[in-house]
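> Line order of the protein sequences matches chains A and B. Heads up, the first sequence is in full-length UniProt numbering, so the first residue is 1 and it goes up one at a time. Heads up, the second sequence is in full-length UniProt numbering, so the first residue is 1 and it goes up one at a time.
Quick caveat, the hints were computed from the structure, so don't treat them as lab data. Quick caveat, the model's predicted, so the values are computed rather than measured. Using N, Cα and C, we set each Cβ at its ideal position, and we do this for glycine too.
Some chain B residues well away from chain A (every beta-carbon gap over 10 Å; in silico):
1) Val20
2) Pro29
3) Gly32
4) Glu122
5) Gln167
6) Gly170
7) Pro180
8) Arg199
9) Gln204
Coverage of chain B stretches by chain A, computed from C-beta distances (three or more under 8 Å per stretch; other residues unrestricted):
10) 33-39
11) 112-118
12) 132-142
13) 154-165
14) 236-242
15) 247-255
16) 271-277
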Amino acid sequence: MSETTRQDSVQQGNGKVQTSHHPETDPNRKDKHYYGIPPIKHAHWTWQVPVYFWIGGIGAGVQMFSTVAQILGHGDKDLQRVSRYTVLVTMVLSPILLIWDLGRPERFLNMMRVIKLRSPMSTQSWSLVAFGNLAGLIAARQAAEDGLLGTDNVLVRLTKLIPDRLLSLLALPVGLNVGSNTGNLISATSVPIWARNWVFMGPVFLTSGLSTALSWLSLYLRLTRSGRPETLHALHRAEKATILIEAGLIAASLFRMSRWAKPLFSKTVAPLFVGGTLIGGIAAPFALLRGEEDRRKSILASVLVLIGGLAFRFAMIRAGRISADDPEAYFTFTSGENAPQPEDKV
Amino acid sequence: MATGFLTDTTVCIGCKACEVACKQWNQLPADGYEFTGDSYDNTKQLSGTTWRHVAFIENPKKRRLTGDVDLVALAEDVTEPLPGGAELDALGRWAFMSDVCKHCVAAPCQQACPTGSIIRNEFDNVYIQPDICNGCGYCVPACPYGVITQVPNDGRAFKCTLCYDRQIDGLEPACAKACPTNSIQFGDVEDLKVIAEQRVQELQDKGYTQAYVWGTPEVGGTGGIDGNHSKFILMDEPEVYNLPRHPFLPQEKFRGGVIASAVAATVLGAVVALAFRD
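Bound-form chain B, shown alone (with noise of 0.2 Å):
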């Protein structure tokens, strides 16, 4: 069985519980006091000892509150114009995501690995064993989605293990735990790939049409990667999310980089061997 998160960004609201959440059970180091005084975000971005982080999206060209503001209105979701000549649209104001490993079912770092470090576990999640890693490095510009970093101080990378420890004492990850507004759901890929399309047509109902599921082989997995154990429901585009669109598998192109040089390689020894004719 393959376990993953789905990640519903349309109902996170930003509190961050599932970053502390990992930081305790994980027990990672903190980050240092750092300010960046672009938004409320100062965790900034998924590393070695962030696994979960929380993006905080402030969208102003959506954010469109005119005349009286129906603030009962707004937290009911309401997107139709308002009386009093308000309008608004709720969702679209800012956005929140709790950005996580991908846990690609084909993955860039486990391929890049030169020691066998990071291997698929049982659960067919993406692990790096601490024990083994070298910290050579080589994983953290292979990922696509820059979530390894190797941590200063220790020389090993690390990244979100997806609580495997949590997983075989049978227990879900503790982001998925605290999370209180089952933004973050864990369970078994196929199961979420179920949950994630049902709520995507939910969302279109509703009249948000620009809902959608990334992370699977269509969307955010090309490229060779074949989609991602961790999915999310994004309402804008994924670079707004700090996510590329087409993220691809870098090993994809080292058969023709071999090969390349191989032609090269023979071409130089013809030079060489003319350089000795008189």
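Looking at chain A on its own, in the form it has when it is part of the complex (with noise of 0.2 Å):
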């Protein structure tokens, strides 16, 4: 029904018949919704879910940058340590921030009873299984060699066994879908701003989490004053392409999302998306690390960019939830061909 034509009845309605609350004549409803009730329902995750996006994104970025270094026959042993045990708590971390936040904790490992490559939450798990083993081979074979479990007894000659050069090259893609896979798994429900998205919406997560990674690496190497200069240099050249990658798919996603992005600009998750992820941690750290290389700068900006990657993971989560409850986003979301399409191409 039209504009006027609801106006018209409205009006009509005074001094007629009145048996009950007009739901239309109350200006903050819109037409067309049963009492603003949301039509689909949010998810329930709380904190736990948005920083194992973040600690997983990480671990991704970490794999991808070491076992690149690898694979060019960089030889830098402090980038390779401080590579191969972050992964591992990356992976000691994301399990239990999962379980801890399932309805049901004691049953975690239900989801292993199957493999369903539709769904992309059993994907996640088993990636995570996946790359946490693999991490875990990497990371002893590591300690091993940094004589973190005694010198010469049989535990260190079976270590020394592990091949951990090619489990390194097995598990990048693992890790990898690790990474993207946290953003294809939100775009693959009915919230309108997650689902619009999901071109961009695994590769600005793998993206950002590769931002994060090569800060965290940066961040450490350089506040403990070791790895090598060229190990250093390629980071700090690696950061500022990747924020630029990661700046250019934020914008993609926001007009992709188009109308359906207004939650990130909304009075709750605006400070978090605009102030925290697109100044604090995009706009500031690319000006930061501008120019010459220079130890301060970096380390600030290492600092800014990670807790940016937070920032936008909270952002992205609370989004979806205001998204959700939403029903004018819905409704315009699903009537047309604004939805996706089972014909769409990618």
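Now that you have both chains on their own, put them together as the hints suggest.
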């Protein structure tokens, strides 16, 4: 019904038989809603999930940087050590956070009952298992070489049989899936802001994961004054490039989300998204990294990127909640060509 | 054989017997005393503890009672102008709809479920196995109809089982059994489809040209869901009943997202490799 006819009928209603409350005359309520009650339900996910997205992204990015360095024959022992231990720590924390968030944590092993390639949650669980185990083996070899397992006992001799370089190569695609699947996982839902951005959601999470990973490596190596100068130089250049790609992908995402991106600029999410991510996590660090390499500036930039990456994940999850709770967003999304259709091309 | 519901909203009187019967049979807990202040509907929506929900839709834009209202004519479903200049559209004034899980042909919740807890049972209904569900909550945002929620304190997700236990014993679901106007009909999906088409034809012959079946692949089942085993006869736009016009299968885009991510990973790998160049 058009706006004018509705207005007419409201006006006609005045002075006529009135038996009850009139939803239509409520100025806060728009047409075609059922009392503003959300037609879909938001996910219950609490803080553990965005924190996992952040930590898992760092693990994936670190694996990528260190494996590329390994493939190129860049033998920086400090980089290798911090990378392997970082991936191990992220892969220990990730399942803890995810199990914590389950409604029935004691049943977490049910995730291993089936393999479902259609369920991003299932592929994510399996990727974590694979990546975690590989990271554990690689880190064990590292620990043996670092003398953490004692000297010349059976355990050390066995551990040194682990083919760490081969396993690193195997862990790369699995790790990349952990990093990007977080984005694909939220876009494979009915939530307008997430579902609309299915093309860029995986890439933007992966890129953001890589930028936080590079920042973590750079921060650690600079704070401990370790690592070869070439490593630091490569990190510096990669950080700048990754931040630029991330900015481009976020811009593309906003363009793709179009009107459904509104929750990102709402009162509660804008400080996180605009302040924390766009300004604090992208613009400011990029400005700091421009020009000559400087230890202090680089450390500050790294901290900002890490905080910005965390803010981005909280912003995305919170925006999804607002988007799911907004009947107008969902109904405009599902009332035509806006919704993803099967015939859509990549 | 696939079983399902046909909910004919045109004969629903909003008695909420289905809600009560469902709560009682399935031993669902109360949702608390909540007063919305919006309408007579205080159970608001479907959830993990409300598997049938009767929507009370007040439709003042169609509510035209002028002159001397003939209550007998109103009850008898008369649509033509009445003596004394009174006009009315009996079906348009109030709309009730008993909402329920749609039991999609290609169910998004089932595809989302990482534990395999959500299955199709022998009656081709979408069923959550409560002994498997670990409460990851991923089915909740996947459902395009907002049917499933995670029940607080319990932790697991629940929704309409289409009274799986009653069906095994050859009984019809509690809501359909309790419905006094036969607004909720239970049976073979193919039979219900025929009944629905006949009823819509009957309504259209009576002059209610806006009547249609929602939940067929043509209406309310595009985007890969392939229609629903819970069909509805509606008299207004789906949004009025808090239903989406064109729901979509969220997982349809997962493959595309993975491909896009693989492309991004390759580009990022190249960028990192270039950063090592002197």
